[in-house]
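Undergrad: Take a look at the letters that make up each chain.
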Amino acid sequence: DAEITQSPRHKITETGRQVTLACHQTWNHNNMFWYRQDLGHGLRLIHYSYGVQDTNKGEVSDGYSVSRSNTEDLPLTLESAASSQTSVYFCASSQAATSQETQYFGPGTRLLVL
Amino acid sequence: KQEVTQIPAALSVPEGENLVLNCSFTDSAIYNLQWFRQDPGKGLTSLLLIQSSQREQTSGRLNASLDKSSGRSTLYIAASQPGDSATYLCAVKGSRLTFGEGTQLTVNP
Numbered sequence: 001d002a003e004i005t006q007s008p009r010h011k012i013t014e015t016g017r018q019v020t021l022a023c024h025q026t027w028n029h030n031n032m033f034w035y036r037q038d039l040g041h042g043l044r045l046i047h048y049s050y051g052v053q054d055t056n057k058g059e060v061s062d063g064y065s066v067s068r069s070n071t072e073d074l075p076l077t078l079e080s081a082a083s084s085q086t087s088v089y090f091c092a093s094s095q096a097a098t099s100q101e102t103q104y105f106g107p108g109t110r111l112l113v114l
Numbered sequence: 115k116q117e118v119t120q121i122p123a124a125l126s127v128p129e130g131e132n133l134v135l136n137c138s139f140t141d142s143a144i145y146n147l148q149w150f151r152q153d154p155g156k157g158l159t160s161l162l163l164i165q166s167s168q169r170e171q172t173s174g175r176l177n178a179s180l181d182k183s184s185g186r187s188t189l190y191i192a193a194s195q196p197g198d199s200a201t202y203l204c205a206v207k208g209s210r211l212t213f214g215e216g217t218q219l220t221v222n223p
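Protein sequences appear in the order of chains R and B. All residue numbers for the first sequence refer to our numbering, where the first residue is 1 and numbers rise by one. All residue numbers for the second sequence refer to our numbering, where the first residue is 115 and numbers rise by one.
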């Protein structure tokens, strides 16, 4: 069955370190998204991609970057981790940006920045 | 800027009860509205998607309605079961998907 996976599932890092969160989908979807989920804010969009070599900033993109070199993967990099980036990160994918678009979510990565 | 609000934030009901979760949004220029379920420590699972031209969608014991002009949606769960315990999130699709903070539902046996 097609799926979307994230790794690692849990990560502890120190302030200032570079961290990369992996996202891999086997749906063959064009669109991929990264969200963070925090109490009091719900899910907020960090970055998104509509295809290979395409990346776009979302609502809370400062301090994060992504690259899309193939259809299946959209890694999220925290350039210099900050305590404010402690959160649960979700990757999602969808086939097309239409009125019937449904996003499929990965299980999440819980990141703690000390 | 689109804002999505869900009321109540938490709800506890006895098994078998019918219940309604509410979602409101500020900008009616949307393509669709979705209801998701999130279990603790897990990702989101799409339950129902209502296109902007539709009024409601049904799946099993779930029924979602959409009143785009008033910026409201409801999720109706019939004959609730303990397995329905989860957080339910509403999201509206405009230029991007905007989420509410969710309603945490507990169904007690």
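The hints are simulated quantities; they were obtained by calculation from the structure and are not laboratory data. Hints may contain errors.
Here are some, though not all, of the chain B residues that point toward chain R, as calculated from beta-carbon distances under 8 Å [what the hints assert, rightly or not]:
id, residue
1, 156
2, 157
3, 160
4, 207
5, 210
6, 211
7, 215
8, 216
9, 220
Which stretches of chain R does chain B cover? Using the computed rule of at least three CB atoms under 8 Å from a CB of chain B, they are [what the hints assert, rightly or not]:
id, segment
10, 80-86
11, 101-114
From the three backbone atoms N, C-alpha and C, an ideal C-beta is built for every residue, glycine too.
Undergrad: All the hints need checking, so say for each whether the structure fits it.
TA: Consistency of the hints with the structure:
1. 156: holds, 6 Å
2. 157: At 4 Å from the nearest chain R Cβ, residue 157(B) passes the 8 Å test, so the hint holds.
3. 160: holds, 5 Å
4. 207: holds, 7 Å
5. 210: With a minimum Cβ separation of about 6 Å from chain R (threshold 8 Å), the hint on residue 210(B) holds.
6. 211: holds, 6 Å
7. 215: holds, 4 Å
8. 216: holds, 7 Å
9. 220: This interface hint is violated because 18 Å lies over the 8 Å limit.
10. 80-86: Since three or more residues must qualify, the claim that chain B covers the segment 80-86 of chain R is violated, with 0 doing so at under 8 Å.
11. 101-114: n = 8 at 8 Å, threshold three: holds.
Hints 9, 10, counting from the list given before, are not met by this structure.
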